[in-house]
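Position chain R relative to chain A; hints supplied.
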Amino acid sequence: SQQGEEDPQALSIQEGENATMNCSYKTSINNLQWYRQNSGRGLVHLILIRSNEREKHSGRLRVTLDTSKKSSSLLITASRAADTASYFCATASNDYKLSFGAGTTVTVRA
Amino acid sequence: NAGVTQTPKFQVLKTGQSMTLQCAQDMNHNSMYWYRQDPGMGLRLIYYSASEGTTDKGEVPNGYNVSRLNKREFSLRLESAAPSQTSVYFCASSEARDRGLWTFGSGTRLTVV
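Residue numbers (our numbering), protein chains in the order written: chain A, 1 to 110; chain R, 1001 to 1113.
One chain only, chain A, in its complex shape:
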């Protein structure tokens, strides 16, 4: 079974709006990562947040982590058409594995 579950499954927003997606997981983690995948392409690493961190920023991305609730959120501000993609959260536990959720498909309308 998969560790992470993203919510919502799909999101459609207007260019310039913010996009928020959430990830819940089941077991304790070492870190949580967010990836982007454009249609038919590989995964691109966006941001990593460690279990002892609560918030992290990278450009237009903001990630939060609440280990007590076993959840994380990814906020993309001022969205652009190029942000249209699938976004996956992935959790790294104290082994060598990275476990992925099913992803959120984001569509940014011009």
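To be clear, the hints were calculated from the coordinates, so they are not data collected in a lab.
It is possible that part of the hints are untrue.
Keeping only pairs whose Cα atoms sit at most 25 angstroms apart, straight-line, the calculated BS3-like set for lysine-lysine is [unchecked claim]:
hint, chain 1, residue 1, chain 2, residue 2
1, A, 70, A, 97
2, R, 1071, A, 97
3, A, 70, A, 56
4, R, 1009, R, 1057
5, A, 26, R, 1057
6, R, 1057, A, 97
7, A, 97, A, 69
8, A, 56, A, 26
9, A, 26, A, 70
Simulated restraints, written as ranges between beta carbons of each label pair [claimed, not checked]:
hint, chain 1, residue 1, chain 2, residue 2, range
10, R, 1101, A, 12, 25 to 35 angstroms
11, A, 69, R, 1007, 40 to 50 angstroms
12, R, 1038, A, 94, 25 to 35 angstroms
13, A, 17, R, 1040, 17 to 27 angstroms
14, R, 1057, A, 38, 23 to 33 angstroms
15, R, 1003, A, 61, 15 to 25 angstroms
16, R, 1053, A, 94, 15 to 25 angstroms
17, A, 68, R, 1057, 26 to 36 angstroms
Reference excerpt, derived from the structure (chain R facing chain A, CB under 7 angstroms, subset only) [stated by the list, open to error]:
hint, residue
18, 1040
19, 1104
20, 1106
Glycine residues also receive a C-beta, built at the ideal position from the N, C-alpha and C atoms.
Below, chain R without anything else, positioned relative to chain A:
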């Protein structure tokens, strides 16, 4: 460009045929991984190699074998392909489990008919 290289990019197999997916990384990473991605299911770990000389099963290892040929190369073999193995396969590598710098290849789209 530096990164993870997978070959082939596309492959069609008949049921029962065998093939090997190749993966190579040039970042001197210790750990390498094979995932499969099916529609609506995200990525699932097939096998991984924490370091050269070691391999371990992931979430969905049945029907696959792997070889960590050296530090750079990690291959995935399908001995007798089945339609259920139709998927997109991704290879990845990382420096260490807690550094989180994972790099993915561009994928191999495999169809088994």
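Right, here's what the structure says about each hint:
1. 70(A) - 97(A): holds, 18 angstroms
2. 1071(R) - 97(A): holds, 18 angstroms
3. 70(A) - 56(A): holds, 16 angstroms
4. 1009(R) - 1057(R): holds, 24 angstroms
5. 26(A) - 1057(R): Satisfied, since the Cα-Cα distance of roughly 20 angstroms is no more than 25 angstroms.
6. 1057(R) - 97(A): Judged against 25 angstroms, a Cα distance of about 10 angstroms means the pair holds.
7. 97(A) - 69(A): holds, 22 angstroms
8. 56(A) - 26(A): This hinted pair holds, its Cα atoms lying about 21 angstroms apart.
9. 26(A) - 70(A): holds, 7 angstroms
10. 1101(R) - 12(A): 25 to 35 angstroms: holds, 32 angstroms
11. 69(A) - 1007(R): 40 to 50 angstroms: holds, 42 angstroms
12. 1038(R) - 94(A): 25 to 35 angstroms: Cβ of residue 1038(R) to Cβ of residue 94(A): about 27 angstroms, so the range 25 to 35 angstroms holds.
13. 17(A) - 1040(R): 17 to 27 angstroms: holds, 25 angstroms
14. 1057(R) - 38(A): 23 to 33 angstroms: Given a distance of about 30 angstroms, which is inside 23 to 33 angstroms, the answer is holds.
15. 1003(R) - 61(A): 15 to 25 angstroms: holds, 22 angstroms
16. 1053(R) - 94(A): 15 to 25 angstroms: Distance hint for residue 1053(R), residue 94(A) holds at roughly 21 angstroms.
17. 68(A) - 1057(R): 26 to 36 angstroms: Roughly 32 angstroms apart at Cβ, these two residues keep to the hinted range, so it holds.
18. 1040: holds, 6 angstroms
19. 1104: Cβ of residue 1104(R) sits 4 angstroms from chain A, so the hint holds.
20. 1106: holds, 4 angstroms
Of the numbered hints stated above, none is contradicted by the structure.
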